[in-house]
Amino acid sequence: MTACSQDRNVLAAYLDGELTADQERSLQEHMRGCPECAAEVAAQVRLRRSMKRAATRFTPSAALRLKVQGQIAPKRSAGFRWLWPASVALAVMLLAVIWARQSTAKNEAFREVADLHVSDMASANPFDVVSSDRHTVKPWFQGKIPFAFNLPEFAGSEFTLLGGRLVYLHQQAAAQLVVGAGKHRISVMVVQESAGFGMGMPFAGGVSVRDSFNVETWEKNGLRFYVIGDAEQGAIHRLALALQNVNG
Amino acid sequence: MDRVFFEQLSMPLFDQLYNHACWLTGDRTDAEDLVQETYAKALKGFGSFAEGTNLRAWMFRILRNAFLNSRSGLKQKTEYLEDDEAGADEAVAHEITPEALFLASESQEAIFNALERLPVPHREIILLCDVDEMSYREIAQVLDLPAGTVMSRLARARRNLRAALGAREAMR
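If you read the protein sequences in the order shown, they are chains A and B. 1 is the number of the first residue of the first sequence in my numbering; add one for each residue after it. 1001 is the number of the first residue of the second sequence in my numbering; add one for each residue after it.
If you're looking for bench data, these hints aren't it; they were derived computationally from the structure. Source: prediction; values computed, not measured. Be aware that one or more of the hints could be misleading.
Said to hold, decoys possible - BS3-like, lysine-lysine: derived pairs with alpha carbons at most 30 Å apart:
1) A/Lys144 x A/Lys220
2) B/Lys1041 x A/Lys138
3) B/Lys1044 x A/Lys138
4) B/Lys1041 x A/Lys52
5) A/Lys220 x B/Lys1041
6) A/Lys220 x B/Lys1044
7) A/Lys138 x A/Lys52
8) A/Lys183 x A/Lys138
What the hints assert, rightly or not - Computed list of chain A residues with no C-beta within reach of chain B, every gap over 12 Å:
9) Asn9
10) Leu47
11) Arg111
12) Asp128
13) Leu162
14) Ala181
15) Trp218
The C-beta atom is built at its ideal place from N, Cα and C for all residues, glycine as well.
Work out the full structure, taking the sequences as your base and the hints as a guide.
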């Protein structure tokens, strides 16, 4: 290893692509006649190739990606963008209502959601956690429910977060959040989707009217969301959109 | 401020930043916190980020500074103080031949172990160069070093890594 005086770090810089064209040329010329340097370069190349696998050793969870994405996601302006989806939603709602009448089983699924909402509205202690700060409410659910979800920033919007509580929906632990919209209260329920009940839900998308409640539900990444309340349909839908935006 | 633009530019770096954070902290929970903090800070500072400059280097730098200020990072700070750039070639004793290095490189596990045990300044510079494939110039931006120092620190780091691999080979 002593015969060649070539600096090993120059070889490294060569592999890093950090030599000038001139330096590169003269080094290549040197290596052609120097087995020591050639062996050194071969070993360094091999080491780097093995090292490359360090790039994918740790992969982030989908949940973290969603969380970060929710953190930085653009806030939609509260203009009239909702009007178009709302009118589509209205049409879907009409269809859904007709379709839903044909199935009492589907009504059962809805009743559970509506009952939870009504009982909460009637309760003297409607919340387990009282806070308008999503950074307080969201962590409160940690360890109480077997999943995580994101809450949009309510400050500056027409909605106020009032609090949350732990409920049971479809025999599973679920998160219920109560959001104020003017004088109305809207419940947001989040539960893990499991085979069966999601298909039984009468509402394919958009806002539906059920027992004079407006309700919207959707499934995303294994979670089922319900937004229900006596607030106007537009408000229900805007809240649903805000939730969809931060939950991937 | 353009959140859409920021999202488009920054999310492709997500996997890379997370992987780097794991290597730095050695702990997935710490890494998750670190990545979230990095994105929050980058979003906040995005207004002052000059277009045309290197976003990747900028975000890695935010991540690194957040790490150094974190609990696990504070422990490492002393290592930076001891990292004397003009230090002697202390690893010469563990000189490893190209042949031995070639053999040692066969074992993924050996390399990862050696990398994990390197002091943070050496671990991070090797990761930035060999794993994230940054140029010396980018590395200088991330580590806030003069360009010339990058080369010497990288040389020391690699010597250190080779010494660790060599010691392992010798024990076999």
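Now for the hints, and whether the structure bears them out:
no.: 1; hint: A/Lys144 x A/Lys220; result: holds (20 Å)
no.: 2; hint: B/Lys1041 x A/Lys138; result: holds (21 Å)
no.: 3; hint: B/Lys1044 x A/Lys138; result: holds (22 Å)
no.: 4; hint: B/Lys1041 x A/Lys52; result: holds (28 Å)
no.: 5; hint: A/Lys220 x B/Lys1041; result: holds (28 Å)
no.: 6; hint: A/Lys220 x B/Lys1044; result: holds (28 Å)
no.: 7; hint: A/Lys138 x A/Lys52; result: violated (38 Å)
no.: 8; hint: A/Lys183 x A/Lys138; result: holds (23 Å)
no.: 9; hint: Asn9; result: violated (4 Å)
no.: 10; hint: Leu47; result: violated (4 Å)
no.: 11; hint: Arg111; result: holds (39 Å)
no.: 12; hint: Asp128; result: holds (26 Å)
no.: 13; hint: Leu162; result: holds (26 Å)
no.: 14; hint: Ala181; result: holds (24 Å)
no.: 15; hint: Trp218; result: holds (22 Å)
Hint check: violations occur at hints 7, 9 and 10; the rest are consistent with the structure.
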